[in-house]
Amino acid sequence: MRYILAASLTFAFTLTLPASDWPQFRGPNASGVSPDKELPTEWSKTQGIKWKAELPARGVSCPVVAGGKVYVTCSSGTRDDRLHVLCFDAATGKQLWHRQLQATGGTSCHPKSCMAANTPVADETGVYALFATADVAAFDADGTLRWYRSLVGDYPTITNQVGMASSPILIKDKLIIPMDNAGESFLAAIDTKYGKNVWKVERPRDINWVTPITREVGNTTEVLFAAPGGMTAYDAATGEKRWSFKGGRGVIPTGALDGETIYLPVGGVSKVKLTEKGAVEKPEWAAKQLQTGFSSPLVYRGKVYTASSQGLIACADAKTGKVLYTERAKGAFSASPIAGDGKVYCLDEKGVCTVFKADSDTFDFLAANELGEGTLGTPAIANGVIFIRTDKALYAIGK
Amino acid sequence: MQLQYGLAILLGGGLIATPAPADDELSRALTTIKSVRKEGKGNDDAGPAWKTLVAKGGSALLPTLEAFDDSNPTATNWLRTAVDAIAESETAAGRTLPADKLEGFVTNDKNAPSARRLAYELLVKQVPEAKERLLPGFLNDKSPELRRDAITAELEKLERSDRATIKADLEKLFTLTRDKDQVDLLAKKVAAKGGKVGVTEHFGFINHASIVGPFDAPGGKGYETSYPVDSVTDPSGRFKGKGGKEIAWKPVSTTDKYGLFDLTKLLDKHKDAVAYALAVVSATKDMPCEIRVTSPTSIKIFLNGKAIFGHDEYHHGAPFDAHIGKGQLKKGDNVIALKVCQDDEKEDWAQLWQFQIRICDETGGPLPLEQKIVTDGNTKTIRLGFNPNPTETKEEKQ
Numbered sequence: 001m002r003y004i005l006a007a008s009l010t011f012a013f014t015l016t017l018p019a020s021d022w023p024q025f026r027g028p029n030a031s032g033v034s035p036d037k038e039l040p041t042e043w044s045k046t047q048g049i050k051w052k053a054e055l056p057a058r059g060v061s062c063p064v065v066a067g068g069k070v071y072v073t074c075s076s077g078t079r080d081d082r083l084h085v086l087c088f089d090a091a092t093g094k095q096l097w098h099r100q101l102q103a104t105g106g107t108s109c110h111p112k113s114c115m116a117a118n119t120p121v122a123d124e125t126g127v128y129a130l131f132a133t134a135d136v137a138a139f140d141a142d143g144t145l146r147w148y149r150s151l152v153g154d155y156p157t158i159t160n161q162v163g164m165a166s167s168p169i170l171i172k173d174k175l176i177i178p179m180d181n182a183g184e185s186f187l188a189a190i191d192t193k194y195g196k197n198v199w200k201v202e203r204p205r206d207i208n209w210v211t212p213i214t215r216e217v218g219n220t221t222e223v224l225f226a227a228p229g230g231m232t233a234y235d236a237a238t239g240e241k242r243w244s245f246k247g248g249r250g251v252i253p254t255g256a257l258d259g260e261t262i263y264l265p266v267g268g269v270s271k272v273k274l275t276e277k278g279a280v281e282k283p284e285w286a287a288k289q290l291q292t293g294f295s296s297p298l299v300y301r302g303k304v305y306t307a308s309s310q311g312l313i314a315c316a317d318a319k320t321g322k323v324l325y326t327e328r329a330k331g332a333f334s335a336s337p338i339a340g341d342g343k344v345y346c347l348d349e350k351g352v353c354t355v356f357k358a359d360s361d362t363f364d365f366l367a368a369n370e371l372g373e374g375t376l377g378t379p380a381i382a383n384g385v386i387f388i389r390t391d392k393a394l395y396a397i398g399k
Numbered sequence: 001m002q003l004q005y006g007l008a009i010l011l012g013g014g015l016i017a018t019p020a021p022a023d024d025e026l027s028r029a030l031t032t033i034k035s036v037r038k039e040g041k042g043n044d045d046a047g048p049a050w051k052t053l054v055a056k057g058g059s060a061l062l063p064t065l066e067a068f069d070d071s072n073p074t075a076t077n078w079l080r081t082a083v084d085a086i087a088e089s090e091t092a093a094g095r096t097l098p099a100d101k102l103e104g105f106v107t108n109d110k111n112a113p114s115a116r117r118l119a120y121e122l123l124v125k126q127v128p129e130a131k132e133r134l135l136p137g138f139l140n141d142k143s144p145e146l147r148r149d150a151i152t153a154e155l156e157k158l159e160r161s162d163r164a165t166i167k168a169d170l171e172k173l174f175t176l177t178r179d180k181d182q183v184d185l186l187a188k189k190v191a192a193k194g195g196k197v198g199v200t201e202h203f204g205f206i207n208h209a210s211i212v213g214p215f216d217a218p219g220g221k222g223y224e225t226s227y228p229v230d231s232v233t234d235p236s237g238r239f240k241g242k243g244g245k246e247i248a249w250k251p252v253s254t255t256d257k258y259g260l261f262d263l264t265k266l267l268d269k270h271k272d273a274v275a276y277a278l279a280v281v282s283a284t285k286d287m288p289c290e291i292r293v294t295s296p297t298s299i300k301i302f303l304n305g306k307a308i309f310g311h312d313e314y315h316h317g318a319p320f321d322a323h324i325g326k327g328q329l330k331k332g333d334n335v336i337a338l339k340v341c342q343d344d345e346k347e348d349w350a351q352l353w354q355f356q357i358r359i360c361d362e363t364g365g366p367l368p369l370e371q372k373i374v375t376d377g378n379t380k381t382i383r384l385g386f387n388p389n390p391t392e393t394k395e396e397k398q
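Protein chains in written order, with this note's numbering: chain A, 1 to 399; chain B, 1 to 398.
If you're looking for bench data, these hints aren't it; they were derived computationally from the structure. Hints may contain errors.
[What the hints assert, rightly or not] Distance ranges between label pairs, derived from CB positions: (1) A/Glu38 x B/Trp349: 24 to 34 Å; (2) B/Lys180 x A/Glu281: 25 to 35 Å; (3) A/Lys282 x B/Ser71: 49 to 59 Å; (4) B/Lys326 x A/Pro35: 46 to 56 Å; (5) B/Lys326 x A/Val251: 29 to 39 Å; (6) A/Pro56 x B/Thr96: 14 to 24 Å; (7) A/Ala91 x B/Trp349: 27 to 37 Å.
[Unchecked claim] Covered stretches of chain B (in silico footprint by chain A; criterion: 3 or more residues with CB under 8 Å from a CB of chain A, positions within the stretch not fixed): (8) 48 to 59; (9) 81 to 89; (10) 266 to 277.
Ideal Cβ placement from N, Cα and C applies to all residues, glycine included.
Can you build the whole structure from these sequences, using the hints too?
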């Protein structure tokens, strides 16, 4: 009887288990961590691929997954001024829709990047795509345009000729737009229904590629936004500045939040305690060997991981900062490390994904999986599948 | 009586000429979408209008393309996504798009270039052979993408042929190119056949100018600071420069193929400084123009003493033609001036202080302009950009 009850409960739980989404840059709150089990370990261009879908053009943004759909952005054209948003069925890879926009902002950038650099953010209702041209559009899950805005049309001095890449995030009915640049800089909350400003706060005129993260303090949701001048916390409801922390400087990688601690890519990686009133000035530790470059640090099962633009994977004890190992990988990393099912995944710029065990104090190699295509975007994990976007295609890896 | 008769004819003629009844709902939807403005104004109504438009299906395709207005890019992007959705749903329903109407739309260059390009892509997706038929007609098109594809196709055709006129054909094709990579490619192809074309002149680069500087710009505030030469229309006068030193205009030239003036060589290296360049070009009639500037630092463009464009950004690369000032040249002499700022960043890559400036039409093509230059105390007139012995630039890497 007890067995039947347990079996029934298990069955019921399985049926009602919510699908694990990966809705934004680096997944839930930019953590890079998936709760999924039985994630794939080995694959190649011809093996272990659930489906593959061709993409119309390049993009350095990451795929995002919500409500059974995978969303990807690309940019194309001689001037890189054609902006693409694509939606695929996560189960089959069928392309459900494809919309294009004409860039209204400048399209200059570092040759390594492109206009599809910011990762979109999605929920059950659809997707919000921000491009490096400061064009932003909201599409329903069926491809209906909910709204579109040319932020350069609204604020004409927006410019970053190196190319912008900070990604938007969603907080309930607000789309948070980070727009640090060499012209009019701001952080704004836009209402998700009509695309109008809820609040917009001035920011320093300085280029910045960091994506904001959020944390809950009592009844307040804070938006933490790091920049070259330090980290600032804003009230997500009003945009009011709550505190700032000069030691929380950021330029490219995004910090990783773990409870009341944030691991910032400053001086390697620094562990900083957060209180209700802000950040504790003195870091608990700083580990120079945890080098990032373009990618963001990962905190998973009591360890901190980095994958650097020099091709070095490093791991430290999250409690003490003691570096447990460094390992030279095959190539340079732009994508951030991600984790799930007790494994860490580091995808390099040539499409080689190094997989190793998380629960080990030494580098416990599992596989190096080659797709043979260039890629800079961080993979997504959703419903037991790893989604990798290369310069040419979107791969769903798993069963 | 005569009036009544005339009215009857007019009405009759009107009735005969009137096409199918207008779809008011469609018209209202298009008007609503075209009314979107800054900061999301009009989005509340534009969303439902977009759905109405798309629900109309194929019948809304051409009216939506016709509604494109490249002068309101926000509205155009609303319409563009509607065209995508309509075409997608028609295809999914197994219906073909109206190829004849699309072709008619594409070949009418009075339609917005962006809409024509989109229509062209829909057309060739459905009727691939239309590509070969249509592209030769786009060699001198206002749409940069259609022109580019046409030139690529024509070049391939020329290279496959063994025409005796290949050199002349390539030279002619060169005159139609606008994109820098295609200009350079065609120039090489022409040279390989023993011909010679003037890249500097084709682009309309100013390669003779008067410059003055450095003016002091403490705190890197040169861009927003006014200087006594902001509205000058001739290169005369003396000014108080950086460090109190008296400075005056001086004539300079460049033989660089892309019209590069290096201010660090012409004026020495300076930080927190501003310099001006000035040139006089003559037009045979009033004409619209674009003044395009390439520079790694903040700039402001003046036409006949009036600022027409500014961009305040330092050392984030120097993309070609990144800065475009649109203006109207008047018949006779026109004064083109450029303010070039420098900040105080110390890094090696932040020491660049240079500019390129060219005058062209809206497609980036040459205008029939002459430039007055002073050599050895004598004033003479040359074709804008004429450069008998160009040198190559080692272009800046971003």
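Outcome of the hint check:
A hinted range of 24 to 34 Å for the beta carbons of A/Glu38 and B/Trp349 is inconsistent with their spacing of about 49 Å. With their beta carbons about 51 Å apart, B/Lys180 and A/Glu281 fall outside the hinted range of 25 to 35 Å. In this structure, A/Lys282 and B/Ser71 meet the distance hint of 49 to 59 Å, their C-beta atoms being roughly 56 Å apart. Between B/Lys326 and A/Pro35 the CB atoms are about 54 Å apart, so this pair conforms to the stated range of 46 to 56 Å.
At about 35 Å, the CB distance of B/Lys326 to A/Val251 agrees with the hint of 29 to 39 Å. Here the CB-CB span from A/Pro56 to B/Thr96 is close to 22 Å, well matched to the stated 14 to 24 Å. With their beta carbons about 48 Å apart, A/Ala91 and B/Trp349 fall outside the hinted range of 27 to 37 Å. For the region 48 to 59 of chain B, the assignment as covered by chain A holds, since 3 residues bring a beta-carbon within under 8 Å of that chain's beta-carbons and 3 suffice.
With a cut-off of 8 Å between beta carbons, the region 81 to 89 of chain B has 5 residues touching chain A; three or more are needed, and the interface restraint holds. Only residues whose beta carbon comes within less than 8 Å of a beta carbon in chain A count, and the region 266 to 277 of chain B has 0; fewer than three means the coverage is violated.
The structure fails hints 1, 2, 7, 10 (numbered hints given earlier, in ascending order).
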